[in-house]
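Once you have looked at the hints, place chain C on chain D.
Sequence order for the protein chains is D and C. Each residue of the first sequence is one higher than the one before, starting from 0 at the first, in numbering that gives the first Met the number 0. Each residue of the second sequence is one higher than the one before, starting from 0 at the first, in numbering that gives the first Met the number 0.
Fair warning: there could be bad hints in the mix.
Covered by chain D, per the in silico footprint, the following chain C stretches (three or more residues, Cβ under 8 Å) [to be verified]: (1) 96 to 110; (2) 114 to 124; (3) 228 to 237; (4) 277 to 283.
Calculated from the structure, these hints are not laboratory results. None of the values given here were measured: they were computed from a predicted structure. Glycine is no exception: its CB is placed at the ideal position from the N, C-alpha and C atoms.
So the chains spell out like this:
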Amino acid sequence: MNRQALLCIALAAAVAVLPYVGVYPIFAMKVMCYALFACAFNLLLGYTGLLSFGHAAFLGSAAYAAGHALKVWGLPPELGLVFGAACATLLGLAFGLLAIRRSGIYFAMITLALAQMVYFFFLQAPFTGGEDGLQQVPRGMLFGLVDLRSDLALYYLVMAVFAAGCFLVWRIVHSPFGQVLKAIRENEPRAVSLGYDVDAYKLLAFVLSAGLAGLAGATKTLVFVSATLSDATWQMSGLVILMTLIGGLGTLTGPVVGAFIVVLLENKVGDFGMAAARLTGLDWFQRLGESVTIVTGLIFVVCVMAFRRGIVGELLAWRGRRRAA
Amino acid sequence: MTTVFGIPIQALLGQLLLGLVNGSFYAVLSLGLAVIFGLLNVINFAHGALYMLGAFAAWMGYAYLGLNYWAMLLLAPLAVGAAGIVIERLLLRHLYRLDHLYGLLLTFGLTLLIEGLMRSFYGVSGQPYSAPEALRGATNLGFMVLPNYRAWVVAASVTVCLATWFVIERTRLGALLRAATENARLVESFGVNVPLMVTLTYGFGVALAGFAGVLAAPVLQISPLMGSNLIIVVFAVVVIGGMGSILGAILTGLGLGVVEGLTKVFWPEASSTVVFIVMAIVLLLRPAGLFGREK
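Chain D on its own, in the form it takes in the complex:
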């Protein structure tokens, strides 16, 4: 066994005992869902160099599909997850076929526009519950055996899904396929001249990323027993970019770190605002909790201006410099 595998097992064991050391399970599950979402997104931006500005569409559509399957059709949770991810994968195929016809900045605009179309569709479609979303989705019995109404049981399911998703991303990145993706990111004309069918690679990367984002969305429905419109908004697409950027583009663990920070921020910004209001005597800070976007926007600007490697990227660079010295 090599060091990496040991490290992974140690990490998994640490995550497994979190609910016993006072970590609120819903919070940890939310982090894992967003982390999987960000890992899926990073596969595209970090490893293939494609900026999708519409990944919320996959998160949202899988959340609705899984919610519908569980609530209306009464499917068991494992099939609900599979159905959600499958819907997102199909949607990813449709998006991908259109979006890879243009590259760079246009790719970002097209994915954003398509995702907005999906958002309007969900807003009007009869099965989504409009502004209210799907509420009270039953979690059901996993494989007919485990009752997921217990947060703890669900916690280990979410952990298993998250681990499987991360393993898949790791496999993809370290496969010959992943090497070609990196080649496309570094120098697309060169990859073409080497004889790779670049469009096919990009499409497959896009579909895989959409499917994994969908898995995250379907899992999120189980955790929160609801699917809402906010999962499909452009703000959500922006949030996943932020998670990946804070953590570190093109690093395996970066998106996980980023997701943790963003979720923590969303939960704690209100408290921080209250503290700032007490310290400075400015009432304005009390409303900070309602307008988290001020803080996320500010972090976005700082990350782009001065911190483009992200936390994990900076750590890796620091380690690299130390080894070289």
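Structure of chain C alone, referenced to chain D:
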């Protein structure tokens, strides 16, 4: 009463005009995006937020300073342009040597910041703003009743768009601009201050957004979120038209506004998505966009 496909002609013409009004905003905004993209290679996500600031500037000018619509039609674009110049000098400038995507991400972050700030001060509900005295009421053209303000929006937007086209395509300044778009270093070697030109171009592009914001103030609700919903549609407009030609951007903007207006009459459910559907079809048939060049 005359009808077309079972729709009263009055209603049809009314929606057509509404479509043209929306199309005017699309045209002015996509023109600004195209001008900025041409020289800076940056897709300015903050365009929507700056359009919103333009509308708010008009409202604030009246509410706090008592300045009327006409004064703000001039001052608000200048103020928004000045804000743009600050953004370019302080932030955007440092990203030109990087991947163009960072420019998009920066302006996206700025959008969140600006919208969040405005929301924390003014809430999400809209602020009322009435059209100037001279443009209130409507003119009866015989076959339809034409609301004066809407006609003014279309006329003013088209005039500004055509003026921009004239400056860029027919003057010496425009020639330098186009040359810098092709090869900035060469133009710089001729002694032209290209960095200054870049700053002013960004300022001008966002001033156009501010201008559209003032025009929109009396017809739409002035709210912090009015810009971001619009900008995504404008992105689709830009993809459809391609950013290669100025006249193309203007025509695509107006045309899609009309398409949207007509959809509202014949298939209301699809009116919010029709522009995106058109975009998908254009991508399938002509990936470079209607007026774009394949690079």
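For each hint given before, does the structure comply? Return the numbers of the non-compliant ones in rising order. Nothing - there is no hint that the structure violates, so all of them hold.
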